[in-house]
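Residue numbers (numbering that gives the first Met the number 0), protein chains in the order written: chain A, 0 to 435; chain B, 0 to 374.
Simulated DEER-style distance windows between Cβ atoms:
| hint | chain 1 | residue 1 | chain 2 | residue 2 | range |
| --- | --- | --- | --- | --- | --- |
| 1 | B | V326 | A | E374 | 39 to 49 Å |
| 2 | B | E130 | A | D252 | 53 to 63 Å |
| 3 | B | E363 | A | A334 | 39 to 49 Å |
| 4 | A | N341 | B | D256 | 57 to 67 Å |
| 5 | A | A63 | B | D256 | 47 to 57 Å |
| 6 | A | S395 | B | N283 | 54 to 64 Å |
| 7 | B | P230 | A | P225 | 30 to 40 Å |
| 8 | B | K193 | A | E374 | 28 to 38 Å |
| 9 | A | P132 | B | K194 | 15 to 25 Å |
| 10 | A | E391 | B | S34 | 55 to 65 Å |
| 11 | A | P132 | B | L195 | 22 to 32 Å |
Not close to chain A: a few residues of chain B, all C-beta gaps over 10 Å, as computed:
| hint | residue |
| --- | --- |
| 12 | T102 |
| 13 | M134 |
| 14 | T160 |
| 15 | V170 |
| 16 | P230 |
| 17 | D271 |
| 18 | A284 |
| 19 | S289 |
| 20 | I328 |
| 21 | I331 |
| 22 | G333 |
| 23 | T344 |
| 24 | K345 |
| 25 | T347 |
| 26 | W350 |
| 27 | A351 |
Keeping only pairs whose Cα atoms sit at most 20 Å apart, straight-line, the calculated SDA-like set for lysine to any residue is:
| hint | chain 1 | residue 1 | chain 2 | residue 2 |
| --- | --- | --- | --- | --- |
| 28 | A | K178 | B | G319 |
| 29 | A | K415 | A | I70 |
| 30 | B | K52 | A | E146 |
| 31 | B | K193 | B | L156 |
| 32 | B | K52 | B | R90 |
| 33 | B | K157 | A | P99 |
| 34 | B | K183 | A | G98 |
| 35 | B | K251 | B | A272 |
| 36 | A | K178 | B | W303 |
| 37 | B | K52 | A | D161 |
| 38 | A | K178 | B | P327 |
| 39 | A | K178 | B | D322 |
| 40 | A | K178 | B | R293 |
Because the hints were derived from the structure by calculation, they are not lab data.
Source: prediction; values computed, not measured.
Here a beta-carbon is modelled for each residue, glycine too, at the ideal position from N, C-alpha and C.
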Amino acid sequence: MNSVAQSIQSQTINRMIHKLLITSLTLAAVLSGSSPALASDWPTFRGAGGRSVAMEDVVPTVWAVDDGTNIAWTADIPGRGVSGPIVIGGRVIVTASSGPTEDRLHVLAFDETTGQQLWHRQFWATGRTLFHPTMANATPTPASDGEHVFAFFSSNDLVSLDLDGNLLWMRGLVLDHPKLGNDVGMSSSPTVAAGAVIVQCESQGDSFAAAFDAVTGAPRWMIDRPRTAQWASPSAIDEENGCVPAVVLQSADGVSLHDPVSGSPLWHRKHACASIASAVVEGGRLFVPGDNVTMFSIQDGVSDADAPIWSSAPLRPSSPSPVVVDNRVYVIGSAGVLVCGNADTGEVQWRRRLGGQFWATPVAVGNHLICINSEGTAFVVDRHDDGKILAENKFSAEMLGSPAVANNALFARSHKKLWKIAASGVAIRPASQAPK
Amino acid sequence: MEKCHWNAGLTIAMLIGVALSAQSVDAADLSPAISEVRSVTGQVVPAAQSAWKTLATANVDQLTAILSGMKDASPLAENWLRSACDAVVERHLRSGGKLPVDTLRTFVLDSSQSPRARRSAYEWLVLAEPETPNMLLPELLNDPSLELRYDAVEYLLKQVTEAPSDDQKAVLLEQALHASRQFKQIQGISEQLKKLNRQADLTHEFGCVTEWNTVGPFPIADGNGVSTLYPPEQSLDLAATYPGKDGEMAWKEAQADGELGQLDFCKTLGKDATGVMYAVAKFNAAKPQSAQIRYETNNGTKLWLNGKLVAENEVFHAGGDWDQYVVPIQLIDGENTIKIKVCQTKRTEDWAMVWHFRLRVCDELGGAIHSEPNN
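Chain A extracted, bound-state conformation (with noise of 0.2 Å):
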């Protein structure tokens, strides 16, 4: 055997292994119920079992996007966005729209890096593109299984691309389901579970949850939802979380947990429910913002019977979701007041008036709590000072999306810039130093 055919059948084994590991991670993915992403990847809207949480990274307190200050990089986006960016083998993944009607869907994905742009995606929308004008096209957050980029828009279509750009597939729901789609918008982001995304599409017409196969886009499931309009986002939770592996939905009117396979439901609480603040689950709890948040126990198993632990009214979310971290949650109010309150009992802890209106669902870096209110006034507190406020980081743009975190650093957009924050400037303390 000469070298080159040495070499040849070298890199034929190298690809055999290499898929046969791949299928093997898949496929233990797919038994397991959760994704391959890496743990230190944000993969999803709220990141890693939708909780807001990167307690292990160190992100710089303050940063100046004006004199570059703590910005490692800073990259344009076309059109407009309110999604967040996740992060992702790498690659920082942002969506936006543009165009006179926002018909133009646009996929892009920056090396987290250098922020170099990697690849740019484009499509045109199939479904309805009207929405109120705080929103856009690209307002649902696009979510990963770490192979996979799953993109989604207000217009209901929904992109599958590897994570060099190569399309893999694309739906149009409102092709099959015509009346799909309200005049506010929809901002539902996508999540991975059971090696399929899974979408939850409520309106005042059609109304679904479904999951589409990650690697073909076929349907796995599809279950009928209440006919209302609904902009909450779906969870994927597994031990993680402290519970069994489901999908955590939400509407108007109840909260339900569902096999992640088969979409069948495995508990279901009719309760007032928020419309927009997503519910949390950690600690084997489920936390579920209404006009208080409620916290239901889902730890050793669940049943319909199961009744609340503790219903806090301080505790009024607005737009973002609350975030449980350290047994404490955290909610922003209507006013720009973030409230701290004790996660076993509701009771609240402090409150902290960060003020303007908030959109983006604030994520927990360590001892800290990111705010960034739709100004683009990011509010650096420290959760274990009563929320002293440690700093205000102006980013001078409309900012709705929620931050990603990854590798020690901060991914924030508007609707025309994407920034990472992260330098030696100045640490904050590990979680392992918490106050006690």
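Position chain B relative to chain A; hints supplied.
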């Protein structure tokens, strides 16, 4: 020396021949991939993914061949083809290559091609030659591509500020108004005309139907009224009367004289009124043709054309925007009957105490189709 010339010429001719031959072979090779991609549905087969990769790795000279595949393609297939072209252009530019501007320009000006394909070619042309808008947009004011048309109107509007007199400005604005198919753009043009003391009749410009006969309100006994069959739904007789809460109800002429052809039931019934209203309009078409009814309302509706149900939207107070519902229709030659049912349920919120609709007839680009005058 002469032989040398001959050799050089032959070599060049051979190279061109080889290049052309390679290009045509490659282009032919793309046909199966284009065909495969054109047949995609939401659920894909590996062959489609493989075909997309074939197209995405094509030579930049084959860009317009791929774009040609968008002609009469489904919306999903258009997206598959466009995104493959994105990959081709991206890779080519990254390697320092130049885009085939002459081919792209010819493609943009070929109105037999898919509007979206032409728009794509235009965008890459602008990337390669930033002066392209100055060269092409004046020719694209009435283009079938809504995106090219929008930019052409914007280009024309820039000239308004440079026009030496108000009269000349008004001429340009009128031209822009008639060419535009975009609601906000048209509103902006109208505002500019107002500043010149010229009135734009947008209700007419959009093709809003304003002459109606209405009857109601029929009380809602159960649900929201959308699925309940009331007498005007079962048979249409404008001379008929129906029992109502306050006596017999008869069809009445109604003028949609609100802003942009809005017919506001609250104006006559009060803002907290509820029930079901029916409105009927006659529309004289000059010829049988494909068209659209576009309408906007905050209320639940059913819509019929010539007795056939063409739309039903059990949606209440969920935004409501211009051209909220787009309904493809087929107009018959002569008189057509449009009937709409508009439902309002009991509401306590002030913002939900609205009961109205706007309706227009237009072509697929949104250009008004007006009812012909009665003979």
